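Please arrange chain P on chain E, whose structure you already have, making use of the hints.
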Amino acid sequence: MECRRSADRFCGGNRLSQHLFRPIAVAVVFLTLYAAVDSALAGPDGLSEAGVYALDSSGLILPVSPFPGNATSSYSVGAYPLAPTSLVRGSGQELVESYCSICHSVTLIAAQPHFPRELWKKEVDKMIHLGAPIPAEMVGQIVDYLQKHYGPLPEGNSSSVPAPKTNP
Amino acid sequence: MSYQRDPSHAGGEPSLRDYSRRRALQILTGFLGTAAIPWPREVHAEGGTAASGLVLPDTHWSAAVPTGLMPQKLPLLRLSDRPIVLETPRPFFESLLTPNAAFFVRYHLDVIPNTIDLSQWRLSVGGNVSRPLQFSFSQLLSQFEPVSVVAVNQCTGNSRSRFFPRLPGTQWGNGGMGNARWTGVRLMDLLDRAGLRPHTVALRFQGLDFGRGAEGTPSHSYSKSLDPGDPILQDCLIAYQMNGEPLPMLNGFPVRLIVPGRFSTCWIKHLSWIEALTEPDSSHWMVNAYRLPKQPHHSTTPEEVASGKVSTIPASHTPMPVRSFFVLPDGSSKLVVHLPTEIKGIAFSGSGGIRQVEISTDGGRSWRLARLDPDLGPYSFRGWRLAWTPRQPGEVELRCRATDGKGNVQPTEPIWNPGGYAWNVVEAQTVFVGETA
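Going line by line, the protein sequences match chains E and P. Counted from 1, the first sequence has number 74 at position 75 by numbering that gives the first Met the number 0; the numbering is strictly sequential. Counted from 1, the second sequence has number 321 at position 322 by numbering that gives the first Met the number 0; the numbering is strictly sequential.
One chain only, chain P, in its complex shape:
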């Protein structure tokens, strides 16, 4: 591939420093005059396009992206205003359950519901079923046992900005994810009432959001399918509550499909149609988009892709790989030598929860086990922490590495695939330790 690579990438640990400086400048210059953005002195000299002396504490959390306000939301990192794509800023991950008002948003198409009349709204179950059914919102509340699950919702492309060579698409930092307690009805309770008939090969889910493309084109509608034999269906919910509240409109009001342990590509928002198909779902969103290489860590190379030898699977059909993140310290201020501190973070996996998290305070030479916080369930963020007293001043590279319930460990080497999907490489956090004398 001929396009740009990061010069500091050779050491094995990816860095976005150069890209982020450039991007910070683009964004800052683009928004000059529209907001009172602090303007670091180093930035001035460079005239807006060249690299600058602007140093960001951590480039993996889209620290340079401007925030924007959207209905029912706190200021979030606005990656796109139409269709709406919002990233959750890093500090919100100090809470194990991500607040609804800070929960990330990702739409593919821009005709997003503004107003929904619940007296008219119905959830349909149809296609190859014995009894096609329609449920009103009040029927979902009154006729089914409410069930809750704490589950991570993570965009398949979360952390796409880390891939080299760089890839087109939403340039997510690490904040294309969130963890919530979802409450609703079991998908299987609805399907059992409708009665799936033999020869059903796919269950297709579609919501109220649409696009402006012509009917029949992928830009007109977004839908995703699950395999009717997929064991995850037993854990799927149709959620009408998120952290004990109605879903924000931008997170799928009135109900959303919850597929615990899977990427959010199949967590259909504003879910309104469930259809049992007798033919495979051949839509763009299943066949072309959201495909992962069927290889270790879903990783391949541009050369392998060009050779046409890479076979792929739908991202919605496989568990999310194990990840872990530093929440604190975040590198934005110095630590003090000999002053005890606590390293805190989160971890999750789609395969059996988190077994252990290891921390290195010496750039990966030695590792110590972090203490795990109470378990909110196998699909939730798992909090972890480690007491640490920096012994000498200087620059320290922290790393965290999680192992999931099935024994999968995060890779150390960068991965690559053409969609920029399923990044789960070991995270690093640089911190500076200051002297006291």
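Chain E extracted, bound-state conformation:
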């Protein structure tokens, strides 16, 4: 039973997206990532286009869904808008951007709580288990970066960094 279809044909756009993941300030930049295959070449599973995103720093692309304009058996929603935010500048940033953004937006990193080093290390190991092609010698640099910029906030800022307590 053919239950696992190769996603290779959808991967073209990703190499492009890595270069475009830089923060783009105010202007709305609209760029379709050509991750699609032609609709006429729908696979036996009926999937004509997948993983098509459009870069949009404002999140305000309109219309996000095109008017159908036809009555064929093809159902489309257009590109999914991306709203990238930048990672903190620092040593290791490009490494994190290039490896982590293969599978997910790096916005996810900044959205996490301020984890200590051991938890960031565990996350990176988890991503490698999931399939992230991070070479072993890069792991240290990536974890260093995450700890430095997304780790616990500096001591002395007591309102933001409560002292560790035991579980009630």
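No lab work stands behind these hints, which were simulated from the structure alone. Among the hints, erroneous ones may be present.
Below are the DSS-like pairs computed for lysine-lysine, each with C-alpha atoms no more than 30 Å apart in a straight line [to be verified]:
(1) E/121 x P/293
(2) E/120 x P/405
(3) P/308 x E/125
(4) E/121 x P/308
(5) P/405 x P/308
(6) E/147 x P/405
Since the structure is predicted, the reported quantities are computational estimates derived from the model, not experimental observations.
Only chain P this time, still in chain E's reference frame:
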């Protein structure tokens, strides 16, 4: 565990106030210049990283997360743009059926369908069956009796931002859930036609969404399995309609597996392959991810986990625990002393619906029964309401506590597990009552 805990947590009722202020600032500063976000005066002084005076009416509903537009969707709380993760804002829960355009979205992998050709699309039933079959969309419509169920779809990690110590993953508020009337064909009708053969130990479901990881890695594909002896299979649907409309693409067009009463981890979107397995499903998504401690309230401690003594079960194999929520008042504006108002909310459970909902208007010292709204079925949100006239001005802590059809009651004490799953602790809502003179 050495990482951060909330200082206001000691009282037993979890609070995210500090985290949310910080997060609000991160997000607001990140989006400065890209949108006309109102900029409360207190926020300015703090320079973007420290705690501020920004007070949010309720931190449990991701009030500080920016909204984003996605195809077929109203502006929803955008927790991730790739893969797409959208949270439903609180006001939409005033409706017992969550509108399709406001229904939450959660993908694990980012190669999400943009275009599907229904003339080519097929739903396959294969593996250890007597008759491997493929169904077109029109065959599903014409050859099977349509069946409907109203059921809550809730992410296993809904409310993850409430856990202490904090946990990695999508930092959901309470809006990783929705309730809809799902219409489609019975899963069992399809399986009966195909004929499950003996020695089937798992039924694996997979959809059209994929990831960019190498083939064979968990980041390449997402699939989930159910036990062929699980009684829930009798209630499962393959839905082609959601609230009487085609499914939005991001909610699983053209068909989605509906597993009423269970977490959405097994509600496979764009369902295209059903496979009867003769070996247990050993994929990452069954064996490593979405595991719940086999303990009361699925709760454990970091120390217990470190000791290696916690046994777990797949989240897809157990009913969702009972929960209840305040919808109104939401704390965003003051109530007026002596002016009658109505406290309204929702409740649900994967175990026999809702038996009762109790409300406290004094921080949990005394409780009154809420009136339950008409029943849309055991898997649906159950609306509830209680008339209330605040008798004196000041700060009031409301609490709601539901009991389900099997007698399970929501816990008062925080729970914890390493996945940040199955949060169902009693909700609190702070409201301010203003004077009239």
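Checked hints:
| no. | hint | in the structure |
| --- | --- | --- |
| 1 | E/121 x P/293 | holds, 23 Å |
| 2 | E/120 x P/405 | violated, 42 Å |
| 3 | P/308 x E/125 | holds, 21 Å |
| 4 | E/121 x P/308 | holds, 20 Å |
| 5 | P/405 x P/308 | holds, 28 Å |
| 6 | E/147 x P/405 | violated, 49 Å |
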